[in-house]
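First to last, the protein sequences are chains V and S. Under the numbering used here, the residue at position 169 of the first sequence is numbered 159, and the numbers go up by one with no gaps. Under the numbering used here, the residue at position 380 of the second sequence is numbered 370, and the numbers go up by one with no gaps.
Please keep in mind that the hints were generated in silico from the structure rather than gathered at the bench. Treat the hints loosely; a few may be bogus.
Identical copies carry no separate label here, and so any pair may be met within one copy or between two of them.
[Claimed, not checked] BS3-like, lysine-lysine: derived pairs with alpha carbons at most 27 Å apart: (1) Lys292 <-> Lys334; (2) Lys2 <-> Lys468; (3) Lys522 <-> Lys292; (4) Lys349 <-> Lys2; (5) Lys468 <-> Lys506; (6) Lys468 <-> Lys519; (7) Lys349 <-> Lys514; (8) Lys334 <-> Lys514; (9) Lys349 <-> Lys506; (10) Lys123 <-> Lys468; (11) Lys468 <-> Lys109; (12) Lys514 <-> Lys259; (13) Lys259 <-> Lys109; (14) Lys2 <-> Lys123; (15) Lys259 <-> Lys334.
Protein chains: 2
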Amino acid sequence: MSQIAFESGLDKNAANYTALTPLSFLTRAAEVYPDYPATIYQGTTRSWSETHTRCKKLASALSRIGIQAGDTVAVLAPNIPAMYEAHFGVPMCGAVLNTINTRLDAATIAFILEHGEAKVLLTDSAFYQTVAKALQQLKSNIIVVDIDDHHAGAPQERLGTIEYEEFLQTGSASDYFPLPTDEWNAISLNYTSGTTGNPKGVVYHHRGAYLNALSNITGWEMSDHPRYLWTLPMFHCNGWCFPWSLAAIAGTSVCSRSVSGEMIYQAIKDHRITHLCGAPIVLGMIINTKEQDTCTIDYPIKVMTAAAPPPAAILQAMEDRGFHMTHVYGLTETYGPAVMCAWKSQWDQQPADQRARLKARQGVRYQVLEGLDVLNPDTMTPVPRDGVTVGEVMFRGNIVMRGYFKNLPETERAFQGGWFHSGDLAVMDDDGYLRITDRSKDVIISGGENISSIEIEDVLYAHPNVLEAAVVAMPDEKWGETPCAFVTLKQGTQCDEQQIIAWCREHMAHFKCPGKVIFSELPKTSTGKIQKFRLREQVNGNTATRG
Amino acid sequence: MSQIAFESGLDKNAANYTALTPLSFLTRAAEVYPDYPATIYQGTTRSWSETHTRCKKLASALSRIGIQAGDTVAVLAPNIPAMYEAHFGVPMCGAVLNTINTRLDAATIAFILEHGEAKVLLTDSAFYQTVAKALQQLKSNIIVVDIDDHHAGAPQERLGTIEYEEFLQTGSASDYFPLPTDEWNAISLNYTSGTTGNPKGVVYHHRGAYLNALSNITGWEMSDHPRYLWTLPMFHCNGWCFPWSLAAIAGTSVCSRSVSGEMIYQAIKDHRITHLCGAPIVLGMIINTKEQDTCTIDYPIKVMTAAAPPPAAILQAMEDRGFHMTHVYGLTETYGPAVMCAWKSQWDQQPADQRARLKARQGVRYQVLEGLDVLNPDTMTPVPRDGVTVGEVMFRGNIVMRGYFKNLPETERAFQGGWFHSGDLAVMDDDGYLRITDRSKDVIISGGENISSIEIEDVLYAHPNVLEAAVVAMPDEKWGETPCAFVTLKQGTQCDEQQIIAWCREHMAHFKCPGKVIFSELPKTSTGKIQKFRLREQVNGNTATRG
Chain V
-9 MSQIAFESGL
1 DKNAANYTAL
11 TPLSFLTRAA
21 EVYPDYPATI
31 YQGTTRSWSE
41 THTRCKKLAS
51 ALSRIGIQAG
61 DTVAVLAPNI
71 PAMYEAHFGV
81 PMCGAVLNTI
91 NTRLDAATIA
101 FILEHGEAKV
111 LLTDSAFYQT
121 VAKALQQLKS
131 NIIVVDIDDH
141 HAGAPQERLG
151 TIEYEEFLQT
161 GSASDYFPLP
171 TDEWNAISLN
181 YTSGTTGNPK
191 GVVYHHRGAY
201 LNALSNITGW
211 EMSDHPRYLW
221 TLPMFHCNGW
231 CFPWSLAAIA
241 GTSVCSRSVS
251 GEMIYQAIKD
261 HRITHLCGAP
271 IVLGMIINTK
281 EQDTCTIDYP
291 IKVMTAAAPP
301 PAAILQAMED
311 RGFHMTHVYG
321 LTETYGPAVM
331 CAWKSQWDQQ
341 PADQRARLKA
351 RQGVRYQVLE
361 GLDVLNPDTM
371 TPVPRDGVTV
381 GEVMFRGNIV
391 MRGYFKNLPE
401 TERAFQGGWF
411 HSGDLAVMDD
421 DGYLRITDRS
431 KDVIISGGEN
441 ISSIEIEDVL
451 YAHPNVLEAA
461 VVAMPDEKWG
471 ETPCAFVTLK
481 QGTQCDEQQI
491 IAWCREHMAH
501 FKCPGKVIFS
511 ELPKTSTGKI
521 QKFRLREQVN
531 GNTATRG
Chain S
-9 MSQIAFESGL
1 DKNAANYTAL
11 TPLSFLTRAA
21 EVYPDYPATI
31 YQGTTRSWSE
41 THTRCKKLAS
51 ALSRIGIQAG
61 DTVAVLAPNI
71 PAMYEAHFGV
81 PMCGAVLNTI
91 NTRLDAATIA
101 FILEHGEAKV
111 LLTDSAFYQT
121 VAKALQQLKS
131 NIIVVDIDDH
141 HAGAPQERLG
151 TIEYEEFLQT
161 GSASDYFPLP
171 TDEWNAISLN
181 YTSGTTGNPK
191 GVVYHHRGAY
201 LNALSNITGW
211 EMSDHPRYLW
221 TLPMFHCNGW
231 CFPWSLAAIA
241 GTSVCSRSVS
251 GEMIYQAIKD
261 HRITHLCGAP
271 IVLGMIINTK
281 EQDTCTIDYP
291 IKVMTAAAPP
301 PAAILQAMED
311 RGFHMTHVYG
321 LTETYGPAVM
331 CAWKSQWDQQ
341 PADQRARLKA
351 RQGVRYQVLE
361 GLDVLNPDTM
371 TPVPRDGVTV
381 GEVMFRGNIV
391 MRGYFKNLPE
401 TERAFQGGWF
411 HSGDLAVMDD
421 DGYLRITDRS
431 KDVIISGGEN
441 ISSIEIEDVL
451 YAHPNVLEAA
461 VVAMPDEKWG
471 ETPCAFVTLK
481 QGTQCDEQQI
491 IAWCREHMAH
501 FKCPGKVIFS
511 ELPKTSTGKI
521 QKFRLREQVN
531 GNTATRG
């Protein structure tokens, strides 16, 4: 659309246009709330003024060793202040932040460093052995800065020539770094933890990071100065953009090297935590914390959860313990959460199990996401809003990635038809809330019928003795595939295969019930996702028939 | 800055880029909260679904009479649902919304319609006589749609050929209007009410409207579904962008043709209002509401105030009545509020008068405003943060206007040196909060000393008998200028000139005290600003000597 009359003398200039970037939130927090706590870690509290200074020093130090706009700087660290600072210091000098999952193996780390063309690696000393191996495999040169955290346990050998705190001292807080002139510039590079094949490097830009940081605040109805506990890894989709959200509202990052139920309750006692995020595994930790380590929660604590669709029983158990649950959904490709189960007050009147069922839906688009729909991928038309017709979840808008780094074929495939294809299958309810039924590859096709593994898992989780459950397809001579359930029981409880199957037959269509139940621990990715591909390997070749 | 490695294969496409526009908030509200109330007016509640449909019909109807992208559509109406709908329906068809102050005289209305090149005027029937006169003066053709609101009193004659509700019926809700492809497109045109000269047409774009709508939410810490009372005219800076904020969080607009203390308390009783905005004149109405018309306020009501720096005594009186006050500052050129007095919890411990003094400061930049400073306009360098050195308030960022419509000289003057020059004088305190001392032209220069008229007004407002006060410069033979105070006393109280002057001498430096006190009603602009230029006319030629 053109607007001819409005085209003259009304151009962009330095006064009326600036590129969107979350870096401006840090400057503002330091200006307005210099003395407010930005990070708390192991008894050390750093203010926004100190944090701003440290970020500027990091940018300056990087710049002085030759890092230029568009260079990649990788960080491998747990949720410690250095990791938080990297979210600002690295992009401040124009570089691109590549956070690496600390649980990856050496070969994958080497692949990421190589593919992402990292010029510098900041690495936490606790991961010395794996990183040393990764560096040996690396063909290109890289400058290594050791983050020597004495809370990490026994002192580790150094991999680089300088320690993080010393490195900061080589920079000057008075070096000037203009904000990016182009909001489309890359701010970060996040490799998906993909269960097969080489990881893909998802590129975020300053514009999207800025907008999703704001959308976290408006969507989750966050007030100023939250006390946010880092139970979600910052290496995961840049902590769902929360490092930047927290700067926008001058919140406090309560940092920790590791996550446990005990740690979470301790942080609640010590710091009156108001917000935390995490995959269902974190919820499980909270629910299963020994009673003597818990505390009464007498003020609202908001918990945002995503990753796997949370079983209704777990959502309910969290609410019972006093946590206010918000269910979100997104992918690395959508800056973390981009969809949320926006809660409606009229649902408060529903019985508990119905409330949990409603809340277990993925829901509706974030305020800053322009388009979200469940489409038939062949016709690219929306599925009927009937709660049963399955289609693929697709996204469009400013919090969809720029694309995959150096991977045009995958980028083009992902953006076919002008939508980002998530690979997740879902139905759309008549109220416009979507519900994920499965990852494409997790669907079980039995006798021509699609069976949702998630639906079966939901039933399994509702069983009083079940701690964790996962369902995969098992080859079946008669039906093609049949569901196979992997179950971990709660400590001190017992159950046999027949009892579990009987429970399922009582609660769902018989054709959907597992043909086999295997009791075992469930293999998980470093971000706590259950690795179904490992379970599939386990059942591959096994056959079963269904009665 | 270039980012070479990140320049390839990572371009904008339909999946990962959309122009920012607040229109997308309306679509989302209608999708997610179709049954939630969008507008309430005189017993009629319309849902988001209905409101969305009506906005689409308005866009369609405008389009069908030939309105094209970039055409101006003017609206002259009070805070009624049609006015709210215009904020979406007009830009939806690509047109530019020009809301007109309902209290303007015919000549000024004619000037605005002519200068803004409005193709259509939607006009509320209550303003029949003035608008009829304005239309007679108009040289260009304009299509007039009458908004025939039977709550406006006696039925009025029609000025156009079609009534608003009939006009909506000529449109179809299924006409498709794509969102703007360029977020820099004009969304609205707001003429400043300027006290001298022809009004200037301030152009807003979709990007700025979107960002300030979000910033209102994050800055004011608004939760979902506020019940917002329209005490601020929507014709004033597009209601400070709140029509769009409310769509983003599916809030309810409680509409009203006029504002009074009684109406405000009635709305609180009927609709449990959570938020309202207004100039100090609105605060005065609340404070001076007869006790029998008030009610106890047992839940938080947030009030945002701006326009003139609010006297500390009025802020305190509002808090005493149970309203939580937020003080903001901005200009038509900055989309309404762009600066806010962000409150710090440690200030809660201060005595009441000190709290009010802190809150009467204008404060710090909005989260989406990139730059705010008090600069020496000659050197364009920041004044020292000493709370006494006066400079000019300057803005930069995405919520600064595109410029003045068809007025390149004024646009260039306003943007000199890459900052928007507000014309407001201020000091910067050492904590980075700015405090307006005066409009440039309101400073009184007496014996070479600058005297802030606002400082004197603050002292006058603190006097128990003073209802309203304004101070202007009066020519003085000895000192050049001396302050002349205009005072309205509270009903049933008495005071003479000597008592007022004695009060001032007790509370401020003697050289700043008014040389003369005139008791009278104060002339106000249609937006409730005291018209100092009229007071200046009154004293012009008068002289006084100071003791």
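Is the C-alpha distance from lysine 349 to lysine 2 at most 27 Å within one copy, between copies, in both cases, or in neither?
For lysine 349 and lysine 2, the Cα distance exceeds 27 Å both inside one copy (44 Å) and across copies (34 Å).
Is it within, between, both, or neither for lysine 468 and lysine 506, if the alpha carbons may be no more than 27 Å apart?
within (15 Å within a copy, 102 Å between copies)
If the cut is 27 Å between Cα atoms, do lysine 2 and lysine 468 qualify within a copy, between copies, both or neither?
neither (67 Å within a copy, 49 Å between copies)
Is the C-alpha distance from lysine 259 to lysine 109 at most 27 Å within one copy, between copies, in both cases, or in neither?
neither (41 Å within a copy, 63 Å between copies)
Identical-chain pair category, lysine 123 with lysine 468, by Cα at 27 Å:
Answer is neither; intra-copy 48 Å and inter-copy 86 Å both fail.
Alpha-carbon proximity context of lysine 292 and lysine 334, limit 27 Å:
Classified as both; 16 Å inside a copy, 23 Å across copies.
When no copy is named, should lysine 468 and lysine 519 be tagged within, between, both, or neither for a Cα gap of at most 27 Å?
Neither: 31 Å inside a copy, 82 Å across copies.
Are the CA atoms of lysine 468 and lysine 109 at most 27 Å apart within a copy, between copies, both, or neither?
neither (55 Å within a copy, 72 Å between copies)
Intra- versus inter-copy proximity for lysine 506 and lysine 349 (alpha-carbon distance at most 27 Å)
Close neither inside one copy (29 Å) nor across copies (68 Å); limit 27 Å.
Could you figure out if lysine 349 and lysine 514 sit no more than 27 Å apart (CA to CA) within one copy, between two copies, both or neither?
within (24 Å within a copy, 53 Å between copies)
My question is about lysine 2 and lysine 123: at a cut-off of 27 Å on alpha-carbon distance, are they close within one copy, between copies, both, or neither?
Neither way: lysine 2 and lysine 123 sit 50 Å apart in one copy and 38 Å across, limit 27 Å.
Intra- versus inter-copy proximity for lysine 514 and lysine 334 (alpha-carbon distance at most 27 Å)
neither (34 Å within a copy, 44 Å between copies)
Checked against the numbered hints above, the structure breaks hints 2, 3, 4, 6, 8, 9, 10, 11, 12, 13 and 14 and satisfies the rest.
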